[in-house]
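> Take a look at the letters that make up each chain.
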Amino acid sequence: MTDEPLVLGIETSCDETGIGIVRGHTLLADAIASSVDEHARFGGVVPEVASRAHLEAIVPTMQRALDDAGVSLADIDAIAVTAGPGLAGALLVGVAAAKGYALAAEKPIYGVNHLAAHVAVDTLEHGALPEPAIALLVSGGHSSLLLVDDLAHGVTPLGATIDDAAGEAFDKVARLLGLPFPGGPPIDRAAREGDPEAIAFPRGLTAPKDLAAHRFDFSFSGLKTAVARWVEARQRAGEALPVADVAASFQEAVCDVLTAKAIDACRAQGIGTLVIGGGVAANSRLRALAEQRAEKYGIQVRVPRPKLCTDNGAMVAALGSHLVAAGVAPSRLDLPADSAMPLTIVSV
Amino acid sequence: MLVLVVDSSTPAVTAAVAEVTADAVALRAERRSVDARAHGELLAPAVREVLAEAGAGPGELTAIVAGLGPGPFTGLRVGLVTAASMGQVLGVPTYGVCSLDALGLAATRGLDASAAPDGEAAGRVLVATDARRREIYWGVYAAGRRVTEPAVDAPAAVAARAAEFAAGAAVGEGAQRYADVLALPVRPEPCFPPADALAALAADRVRAGAPSEPLTPLYLRRPDAVAPTARKPVLP
Ligand SMILES: Nc1ncnc2c1ncn2[C@@H]1O[C@H](COP(=O)(O)OP(=O)(O)OP(=O)(O)O)[C@@H](O)[C@H]1O
Numbered sequence: 001m002t003d004e005p006l007v008l009g010i011e012t013s014c015d016e017t018g019i020g021i022v023r024g025h026t027l028l029a030d031a032i033a034s035s036v037d038e039h040a041r042f043g044g045v046v047p048e049v050a051s052r053a054h055l056e057a058i059v060p061t062m063q064r065a066l067d068d069a070g071v072s073l074a075d076i077d078a079i080a081v082t083a084g085p086g087l088a089g090a091l092l093v094g095v096a097a098a099k100g101y102a103l104a105a106e107k108p109i110y111g112v113n114h115l116a117a118h119v120a121v122d123t124l125e126h127g128a129l130p131e132p133a134i135a136l137l138v139s140g141g142h143s144s145l146l147l148v149d150d151l152a153h154g155v156t157p158l159g160a161t162i163d164d165a166a167g168e169a170f171d172k173v174a175r176l177l178g179l180p181f182p183g184g185p186p187i188d189r190a191a192r193e194g195d196p197e198a199i200a201f202p203r204g205l206t207a208p209k210d211l212a213a214h215r216f217d218f219s220f221s222g223l224k225t226a227v228a229r230w231v232e233a234r235q236r237a238g239e240a241l242p243v244a245d246v247a248a249s250f251q252e253a254v255c256d257v258l259t260a261k262a263i264d265a266c267r268a269q270g271i272g273t274l275v276i277g278g279g280v281a282a283n284s285r286l287r288a289l290a291e292q293r294a295e296k297y298g299i300q301v302r303v304p305r306p307k308l309c310t311d312n313g314a315m316v317a318a319l320g321s322h323l324v325a326a327g328v329a330p331s332r333l334d335l336p337a338d339s340a341m342p343l344t345i346v347s348v
Numbered sequence: 001m002l003v004l005v006v007d008s009s010t011p012a013v014t015a016a017v018a019e020v021t022a023d024a025v026a027l028r029a030e031r032r033s034v035d036a037r038a039h040g041e042l043l044a045p046a047v048r049e050v051l052a053e054a055g056a057g058p059g060e061l062t063a064i065v066a067g068l069g070p071g072p073f074t075g076l077r078v079g080l081v082t083a084a085s086m087g088q089v090l091g092v093p094t095y096g097v098c099s100l101d102a103l104g105l106a107a108t109r110g111l112d113a114s115a116a117p118d119g120e121a122a123g124r125v126l127v128a129t130d131a132r133r134r135e136i137y138w139g140v141y142a143a144g145r146r147v148t149e150p151a152v153d154a155p156a157a158v159a160a161r162a163a164e165f166a167a168g169a170a171v172g173e174g175a176q177r178y179a180d181v182l183a184l185p186v187r188p189e190p191c192f193p194p195a196d197a198l199a200a201l202a203a204d205r206v207r208a209g210a211p212s213e214p215l216t217p218l219y220l221r222r223p224d225a226v227a228p229t230a231r232k233p234v235l236p
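If you read the sequences in order, they're chains A and B.
Residue 1 is where the first sequence starts when you use the UniProt record's numbering, and the numbers rise one by one after that.
Residue 1 is where the second sequence starts when you use the UniProt record's numbering, and the numbers rise one by one after that.
Just chain A, with the same shape it has in the complex:
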């Protein structure tokens, strides 16, 4: 169907330079360059290092995306770019590049919300998203539950983490266990050999008194501290660390809370679709547990394949395509990068 819009998406909110191209809901290219190796020794993303890497990567990554899709910029109908939230300097490289491309190719530009893009990317895998849906957004910087009733115009936050994001907890616990950064994938792997019930780690904001005020909020900082205490006590006693059991028990605590609250949100709103997005959605236990719990209530779970869960350009293109199809007006050429862009704004 060549009458569907051909949309290019540019993502530079953190350490991945991503450029994706979609036609409607069909993924044509998803080129990515990552500076993650340059950050690994710092145990987290260094903003200036990320920004410098984006500047170097943007032109070659664009070339790769165009070659993969077999199109030229002249064929593109619109250019979407992450305008926020994210690292200010990193966002600015992508936004300025998108403007340069839009200006030179004389195409409309859409400055879009990175978090809404994490939700929209699922359309590339499972087609149009039924609305309303509940979205669980879990990444290195965010953990939120959202009510999605009109993705083109805005989403309604139901709850969010009150301290660390879920991905951040994975990264910090990985460091405790001597596993590499980013910590999500190595913990996921180590946990497969471990016992998820070996250690009873706390489930934040699930006690009845917390549920009253924070029914759909998350907290992972107490869990992180509990893991640290447990690990240190072992180390002081001179005992070997059962890495697989700690990883499995920690991962179970995170996934238990995330899925319980997500299903609770679906049931509270009477909604039959749960979409999970963000880097932590790549977690194998989260995917399995969500499926298992949702099935009981006839809720359909939609999770894109792992490569589409972490930051990429295809998700931005997917949201852009949705906006074009919904007839949303493009952004102005002076659109700003907004490091704190709220979820209630899908495009600027």
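If you are wondering where the hints come from, they were derived from the structure by calculation, not from laboratory data.
One or more hints might be untrue.
To be verified - When the alpha-carbon atoms are kept at most 20 Å apart in a straight line, the in silico SDA-like pairs for lysine to any residue are as follows:
#1 A:K107 x B:G91
#2 A:K107 x B:E60
#3 A:K107 x B:R48
#4 A:K107 x A:S284
Unchecked claim - Pairwise CB distance ranges (calculated):
#5 A:P60 x B:L235: 40 to 50 Å
#6 B:E213 x A:R215: 50 to 60 Å
#7 B:V34 x A:L211: 47 to 57 Å
#8 B:R37 x A:L211: 40 to 50 Å
Beta carbons: idealized from backbone N, C-alpha and C, even for Gly.
Fit chain B with the ligand to the given chain A structure using the hints.
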């Protein structure tokens, strides 16, 4: 031959369309706004405006010239990525020019009316732009050429170096800001890298159709990044 000129290495955001002929460079349109915090918002509309004013579509550009800095990181990248992305779409070469060289050329070659060099030594000028964190990017120029390589230092250190290299005057917004420390007469103009000087410095490459250059910023500083220290224990 029409070229687009951009520079975002200082608080000024500059976009211009220049015409490069066999023996001259003439500006056809120019926009400059001074706002250190809004490079990302201001540059693209300015590019569109200068193209419109010059009556040229993007497809009529022969090349793109960009100021490589030195400059504070975030703003500097806006100009370079704009130039690089436009060059990629249009399939035209991009050429980099050191932004201090453009100020140096304008200050010591009479490109700017207020610059009046009278003899090599007397005409030596310190060019300085603000590097933030109480430092300046600087270089000494004479007869349109570098006497020193671009560097970043504290104003007091630059004052000593400028005296060593016999600079008789200073230009640039960095020189204006630290005029008291530099102890040199500071000329009001040129204050920011002039578009005509940027274009002039790339004119030979434009005329020759030289190969496109990667626009690598002159950061002159390493990124602030510290490896984490050992984790604090949570147990008492
Ligand atoms: N298999 C996995 N299990 C758990 N966590 C994972 C897994 N894979 C990746 N992660 C986590 O996902 C996070 C990265 O997420 P993502 O790529 O969405 O971007 P981000 O830049 O951290 O956040 P945001 O999208 O909010 O800007 C990291 O914290 C990483 O540890």
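> Of all the hints given earlier, name the ones this structure violates by number, lowest first.
Hint check: 4 fails alone, others pass.
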